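**Student:** Okay, here's what each chain looks like letter by letter:
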Amino acid sequence: MPNSTVPEPTLPEPAAPDEAAAVHSASVESASVDGAAETASADRNTRLAALLESARSGRRESLNEIVIELSPVLWQVARAQGLDREAAEDVIQCTWLSLLRHLEQIHSPLALTAWLITATKREAWRMHTAHRAEQPLDQNQIADTADPRPLPEELVLLAERHHDVWRAVRQLPQRCQELLRVVAFSHRPDYDTLAVALGMPRGSIGPTRGRCLAKLRTLLDPDGSGITGTSGGLA
Amino acid sequence: MTGANGANGAGGTDPIRASAAELLDERDEELLRLLRECHEELDPMPDSVVQRSLFALAVEDIDAEVLRLVEQYRPVDAGVRGGEGEEARVVTFDSDSLTIMIRISQQAETVRIDGWLAPPQACRVELRSGERTLDAAVDDEGRFVLDAIPRGLAQLVVRLGEALGGGGGTSILTPAIVL
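Protein chains in written order, with this note's numbering: chain A, 1 to 235; chain B, 1 to 179.
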């Protein structure tokens, strides 16, 4: 199934989103709905901005903290692309190494996250195609096919309280699963930028995320207790 | 969903405001948190991701090209304490301008690397390992040998256009691998 691994042969050098993105983030924060999470998110953003600034001036300790902070997101990105664990690890490491060269041009936490995700995706995609060439039929094929049911061994691993969510998530279209997986490991103000990095049109990000979540809620709560407008046709 | 609910209070036409209106509510936050926990449980990021990345990033070359690991051949049982000699592992790295193939063989306490780079050119390679940095000359045919390497994480740095002991020139890095 053609998911986001449609040929992006020249996915641009992870382009740093511009000032607009930063402005956006600030506005998003000021228009916050629920304060606490928003504040935590803003704090994190501020912290990341400071780390970035310091890393750009050459402090490796700061760069190390960024690695610790953002590697989990990249792990999810690489794995959502269908890489095995070992390959995901290699790809993430290369992403960080490549960042050394580009740090100079990256000015905001948003741009940083977007750059890292794009670079990881691009590498994952490249590795994917290399693999495909070698082994025409392999697990990559399987990874692309959404299986609507959770695997029994997945449920065994998960705590009871996660079962419903996981069952519902597994019924979502592959693209939604991928998007939500990355979003779940990101932080609010980054969403739009993230989605851009995920290769989706800028304008469709919010709505797509919204539709994926709405669909998920409908699956979890078919009677729609109080949730309106969730009927929406999912692509 | 994704309605305008929420946009009205904040000046509706502005696309930024409109987007802000699509912020998640608490229910969404909760769902995403649960989803995150699911993924963490099912597919946890191994600590080695950060460890290896930090090791590799400790390199001094900021403006270096990065080689990616493209192929790896391991002997059937890549056990650490297996029989010596037979245990060669072959790893290939690749970048836009360079390919390096290394053969890693285990010795008593240490590791030996026989390497070959293409296109062949005389230059210098360094191997950063935990305790020290070894280096070796690459001959005209692109061959080099690094011997008595301590086990553990290691990273190759190729310095093009550089004779042994010289300075300057372009650098190319590999990711850190476990020897």
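Everything labelled a hint here was simulated from the structure, so no lab data went into it. Note that the coordinates shown come from a computational prediction; the quantities given were computed from them, not determined experimentally. Here a beta-carbon is modelled for each residue, glycine too, at the ideal position from N, C-alpha and C. Certain hints may be false.
Restraint ranges, calculated between C-beta atoms of paired labels, are given here [as the list claims (entries may be wrong)]:
| id | chain 1 | residue 1 | chain 2 | residue 2 | range |
| --- | --- | --- | --- | --- | --- |
| 1 | B | Arg151 | A | Arg60 | 23 to 29 Å |
| 2 | A | Pro222 | B | Glu71 | 47 to 53 Å |
| 3 | A | Arg60 | B | Asp25 | 39 to 45 Å |
| 4 | B | Pro120 | A | Arg161 | 57 to 63 Å |
| 5 | B | Thr170 | A | Glu160 | 54 to 60 Å |
| 6 | B | Val178 | A | Glu104 | 28 to 34 Å |
| 7 | A | Arg85 | B | Ala137 | 35 to 41 Å |
| 8 | A | Thr129 | B | Arg151 | 29 to 35 Å |
| 9 | B | Glu29 | A | Arg85 | 41 to 47 Å |
A short list of chain B residues far from chain A (calculated; beta carbon distances all over 10 Å) [to be verified]:
| id | residue |
| --- | --- |
| 10 | Arg27 |
| 11 | Arg89 |
| 12 | Pro150 |
**Student:** If a hint holds in the structure, say so; if it doesn't, say that too.
**Tutor:** Evaluation of the provided hints:
{"no.": "1", "hint": "B:Arg151 x A:Arg60: 23 to 29 Å", "verdict": "holds, 25 Å"}
{"no.": "2", "hint": "A:Pro222 x B:Glu71: 47 to 53 Å", "verdict": "holds, 49 Å"}
{"no.": "3", "hint": "A:Arg60 x B:Asp25: 39 to 45 Å", "verdict": "holds, 40 Å"}
{"no.": "4", "hint": "B:Pro120 x A:Arg161: 57 to 63 Å", "verdict": "holds, 60 Å"}
{"no.": "5", "hint": "B:Thr170 x A:Glu160: 54 to 60 Å", "verdict": "holds, 56 Å"}
{"no.": "6", "hint": "B:Val178 x A:Glu104: 28 to 34 Å", "verdict": "holds, 31 Å"}
{"no.": "7", "hint": "A:Arg85 x B:Ala137: 35 to 41 Å", "verdict": "holds, 36 Å"}
{"no.": "8", "hint": "A:Thr129 x B:Arg151: 29 to 35 Å", "verdict": "holds, 34 Å"}
{"no.": "9", "hint": "B:Glu29 x A:Arg85: 41 to 47 Å", "verdict": "violated, 29 Å"}
{"no.": "10", "hint": "Arg27", "verdict": "violated, 7 Å"}
{"no.": "11", "hint": "Arg89", "verdict": "holds, 13 Å"}
{"no.": "12", "hint": "Pro150", "verdict": "holds, 20 Å"}
Violated hints for the displayed structure, listed by number in ascending order: 9, 10.
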